[in-house]
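For chain E, the structure is supplied; the task is to place chain B on it using the hints.
Residue-level listing of the chains:
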Amino acid sequence: MADRQDHWVFYFDPNRCIGCHACSISCKQFHGRDSDADDWRTVTHHEKGTHPASEEYDADTSSPIENVPISMSCMHCHDAPCEEVCPTEAIVKRDSDGIVTIDQDKCIGCKYCGWACPFGAPTYGDNGLMSKCNMCLDQGPGSGAGAESKNEQDNPIQPNCVSDCVGGAIKAGPEKEMVKEASQAAAERFKSNNERVIVEPFQGEENLDMVEHAATPDNAGD
Amino acid sequence: MSEREGTLTRRNLLKTAGAAAGAAALGGCLSGDGTDSAPSGELSTAFGNCWMCSHNCGQKAYVQDGTVVNLTGVDGHPRGSAGPDTEGTLCPKGLAQLDKTHDPKRIKEPHIRDEDGTLRKVDWETAFEETAKRLVAFAEENGSETFLDATSWAETSIFRTVWRDLYGSPERISRGIHVCAGPTFVTGGMMGVGSNNRVPDYQNSEYIIAWGRNILNSFAGQFEAKGVLEAIEENGATLVTIDPQHTITAQKSDEWMPIEPRTDGALALAMANVIIEEELYDEEFVENHTYGFEAYREAAAEMPPEEAAEITGLDADQIRRVARGFAEAAPQAGISVWTGTAQAGNGWKATQNITALNGLVGNIDRPGGLRLWKYPATASFGQVCEEDYTPRAEYKEPALKKYDEYSDYPVRHIEGIAHNLVPEMVDNDHINGIVCHHDDPLKDGNADAWIEAIEAMDLVISIDAYWNGVSRRADIVLPEATQLEKDTLGTGNWSAYPNHKWITGSKAAVDPQWNTKPDFDILTGIADAMAERTDNDDWTIFQQWDSHEEYIDDQLSTLDLTLEELDSGETNYELLEEYDYEQYGEDFTFRFDLDQVSSFATAAEEAGMDTAPEWISPGTYGDSTSEEYPLEFTDVRSVFFSHGSNQPHERLQDQFAKRNQLSEEDYRGNYLYLHPRDAEERGIETGDLVTIESKSGSGDLMAIVTERARPGFVTSQYGFGQTSAITTGEDARERSADGMNTMTLHDTQMDPITGQVDRHIAVDVTPAGGD
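Residue numbers (my numbering), protein chains in the order written: chain E, 1 to 222; chain B, 1 to 771.
Isolated chain E, as found in the complex (with noise of 0.2 Å):
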């Protein structure tokens, strides 16, 4: 097994997401999903506070506005809860590479990945089958699953939410390159929060919870 320093996680940072949504529109054109199939790679905005010229402001008390841009997708968590409850192991942890893969011809639909994924990142196509990120180790729904390992690969290409990310905010690759890049409360959060993504604290009036503030069904995955 591979050393989960080497499982590829994705890294992303508020503070450089402008909400534009290229990673989701270049994530669709990549893999050649409809417009109105779900989005492997969700952009949520999440907005509190008081405009400050109404009459309602009040600057002792009121919090100026706050409107942030999450992106998230599936997170290929290590303990991946969705490969655990899959009746038919069409879901499957990469060892090479930590990439969370489905493999449609083993998956029936049964949805129990969805129900166990707690931020709802499998989704279901026309054919009633599981979707979702692949790192785009492969172009389309239910690629990727037999796809060499990104380690492997001399020049391993990078996921096209990374390639095409405005702002820089999104990154991706082996764990400890991407622990190098993060700040120390983002490494230490990511340490103390089952090691799923690297977020970066938001610099905001309040340091929102992030990841669990965007992860929700709701929120993430469509």
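Hints may contain errors.
What the hints assert, rightly or not - Cut-off 20 Å, straight-line C-alpha distance, at most; resulting in silico cross-link-like pairs (DMTMM-like, lysine to aspartate or glutamate):
#1 E:LYS171 x B:ASP75
#2 E:LYS48 x B:GLU680
#3 E:LYS48 x B:GLU255
#4 E:LYS191 x E:GLU55
#5 B:LYS374 x B:GLU680
Hints are computed from structural coordinates only; laboratory data are not their basis.
Same frame as chain E, now just chain B:
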């Protein structure tokens, strides 16, 4: 989500587009039966330069069987990256170029309107012959000087040669001054810093003011957004956003100034007041390089921060803090300004007062300040043209300057035409025809009057990729290839490389889809047909080039480059000659007061305006809110759409709906943002269809109630509406994607000096009664 079975899907599209490309290569025509012919050939790469907003971010296209299957950025690209060794990307509208290329909603064949009024498909030869025939008849009946050149953002530079020099029309309406940011561009030119008084040297800045700009979501090349983020991270730069609405740029800012709309001129004067009073200005620069400081000082003295706070709704302490911060960071302090402060009746003074701040702190052409960007010198048409011809429009005066009917419009001293006045000029028989390219003037101001004007014209030629408000009404429709199907050359200035001139170019990534042609080939086709019909050799001028690439190579000859060389390496750009800061020389003069510019002084006198900076209140030249129309409206831009070019694209529509948290609704048009207080008074909730009405028009769109909106101020995205490139959808979702043309609310409000469309309109909003 609505049922959409049976419509053409992306998957089908890739199959049929692949089939189409194969068929075209064999000289056949599109069968489009959707049989299984998904791209399976070898994957190759090609370059492109994004023309969605015309700012040339580099594209890398992945092509399979003649179909673009993926699109991404070019690393290190001057417009699409943050500079050397940084990744190039594409924004959502740039990514949509993939969908646009293979969009089955495009115009696929040339069309000519019959005498009985129906548009019929013709082949290109017939289209060119008919175009020449009708242009000749038009010149005989109306005079070619009454033909309006409304061509925009072409991937070739020969439009002007065809319509002005060869056909002989002096009437030219361009996007920049009339509908984009006339006051910003023209004041910059007159004050001495050129129209580039809008893009600072972000990466080297320590203090950036986004003044009426949402730089992170509405940029002129992605380097702007990237540069701001870099400045914050690398320099610890302070970012200030001045905007009535809360935007993503406000979100990332250290200071957000939620200013009362149209009061930017007062804020700028108050900042000058603080900077002058506290002697924080650049005395050496003001002494040696400026003119009219006393007049400026007097105007600023009349606007202490407390008075500006009353006018702007801001806090006097915040005004002082920002003024000091800006001046103390200077010269590494830049103001980014563009449309937000320009698209108002008092936009002239707002931009004059804002631009004046640069002269005051001496940040001109200094690192991190207002950079005087330079273009590389490619060869002009005159330089590459080896044949003589007679420029026919040279001595013709535009109607606006020539006829007494327009003597009440001060704009005639500055500009040859104004967007809002075209319908009146059509009524007066001074404009009788139009050629429109890649643009929809029906969305740029007084929409209803423009629609009538287009319908009244004797000849309407549309060169476009989509059926829109103009092409649907045109006599001649020439289907244009889109950018990835064309050879392109971009000669930029502002970029992520503040010390280099640069150039970017690419050969067509794929063949023109269906029966379309690049604009260069369309124009040369028209010219050849005109040569045939008129027997005038001037029209043979383009025959010296066999292709657009050959013409581009001639343009590049001054740089000792070819398109092949630009396109064949790892990137599709070249950094050229290096240039330093402060190249303006000892004799450079920055003008605070414009009394030396006689055309402006005359126009200003007629408009009742001073030549020096001054405060002019909202409503002086535009709308004031009233009991009947108590809300102020203006339109805004979205990172998802560009000027009507890509509003038909489902991916953008759907993500736009998701961004607005209304994707579960069938509606896919633009949204009206209003504050909870204004919504509550009217019984409006998010997701309601509402009617917005001004004294001259109305329309329906979907409301979003949000604290991001300023009380009393409502906004919506521009570029949508009944003249859109859609309207053909069969289900509610597709039909609603038209949204509302916000310019149906507009009358003829404008900045009196440049004729810039004033987009601040007094309105009211009511529930539309729909769901």
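Problem - Violating hint indices (sorted, rising) - result: 4 and 5
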